[in-house]
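**Q** Listed below are the residues making up each chain.
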Amino acid sequence: DSGVTQTPKHLITATGQRVTLRCSPRSGDLSVYWYQQSLDQGLQFLIQYYNGEERAKGNILERFSAQQFPDLHSELNLSSLELGDSALYFCASSVQDYHEQYFGPGTRLTVT
Amino acid sequence: DAKTTQPPSMDCAEGRAANLPCNHSTISGNEYVYWYRQIHSQGPQYIIHGLKNNETNEMASLIITEDRKSSTLILPHATLRDTAVYYCIVRVLIYSGNTPLVFGKGTRLSVIA
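Quick mapping for you: the protein sequence lines, in order, are chains A and B.
Quick note on our numbering: the first sequence kicks off at 1 and runs consecutively.
Quick note on our numbering: the second sequence kicks off at 1 and runs consecutively.
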């Protein structure tokens, strides 16, 4: 158990819909990262927040957005969903200056 | 893009040492070498990291060549539970918030009974 929690574990929705994925980092971790893992693209970095502020952006689509709240939990919002958005979405957290990132168990999104 | 090259797959007999190579010939002086693994579809798990010196922890050993252009992750006594995809990553560690990990395709290690 990494200490990072993600909800929901599984999500099935239809094309065109909007969903929100939630991540609670380990206690004390200020950085939160979102990664997407699909069969064809592998593990890809989407976005990073540090203490409430966006720190880095990766290959995140304009239809996707995220935020980190004052209690440090984060939400990833996916809208106008397409079949190709079906993937595992992982959240990770880390302490400032530390080497390790701790990954949550992921949310499996299926778009039908 | 990933800055590392790894073999796509390897087999190892249970109880034997698993040696996973990684090439990172363009590594910069301030970049660390990290190893993570992903068991089935679980979240990736940190294993070990190093800069110049060889490192060892309870999970594995990391051997970095003197020119830092390649490294080897060693699992001393592989078990069936070590079957996973292993990712070698190079990354700069910066102050005030770490940088994201850039994953390549990794090496799929199969430990065989």
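Treat each hint with caution, since some may be false.
[To be verified] Computed spacing ranges between beta-carbons, pair by pair:
{"#": "1", "chain 1": "A", "residue 1": "His10", "chain 2": "B", "residue 2": "Leu93", "range": "30 to 36 Å"}
{"#": "2", "chain 1": "A", "residue 1": "Ser65", "chain 2": "B", "residue 2": "His40", "range": "35 to 41 Å"}
{"#": "3", "chain 1": "B", "residue 1": "His40", "chain 2": "A", "residue 2": "Leu83", "range": "20 to 26 Å"}
{"#": "4", "chain 1": "A", "residue 1": "Glu62", "chain 2": "B", "residue 2": "Ala17", "range": "16 to 22 Å"}
{"#": "5", "chain 1": "A", "residue 1": "Gly58", "chain 2": "B", "residue 2": "Thr72", "range": "27 to 33 Å"}
{"#": "6", "chain 1": "B", "residue 1": "Asp67", "chain 2": "A", "residue 2": "Asn77", "range": "42 to 48 Å"}
{"#": "7", "chain 1": "A", "residue 1": "Lys9", "chain 2": "B", "residue 2": "Leu80", "range": "21 to 27 Å"}
In short, the hints are calculated from the structure, not lab data.
Note that CB positions come from ideal geometry on N, CA and C, so glycine has one too.
**Q** Does the beta carbon distance between A/Ser65 and B/His40 stay inside 35 to 41 Å, or does it fall outside?
**A** violated, 29 Å
**Q** Is the distance from the Cβ of B/His40 to the Cβ of A/Leu83 consistent with 20 to 26 Å?
**A** Once the Cβ atoms are compared, 23 Å apart, the range 20 to 26 Å for A/Leu83 and B/His40 holds.
**Q** Can the suggested window of 16 to 22 Å be confirmed for the beta-carbon pair A/Glu62 and B/Ala17?
**A** With Cβ atoms ~47 Å apart, the hint is violated.
**Q** If I claimed the Cβ atoms of A/Gly58 and B/Thr72 lie 27 to 33 Å apart, would that claim hold in this structure?
**A** holds, 28 Å
**Q** Starting from the hint 30 to 36 Å, judge whether the C-beta atoms of A/His10 and B/Leu93 obey it.
**A** Given range 30 to 36 Å: holds, Cβ gap about 34 Å.
**Q** Please check whether B/Asp67 and A/Asn77 have a Cβ separation lying inside 42 to 48 Å.
**A** holds, 45 Å
**Q** I want to verify a distance hint. Is the separation of the beta carbons of A/Lys9 and B/Leu80 within 21 to 27 Å?
**A** Since the Cβ atoms of A/Lys9 and B/Leu80 sit about 25 Å apart, the hinted range of 21 to 27 Å holds.
Hint violations for this structure: numbers 2 and 4, all remaining hints satisfied.
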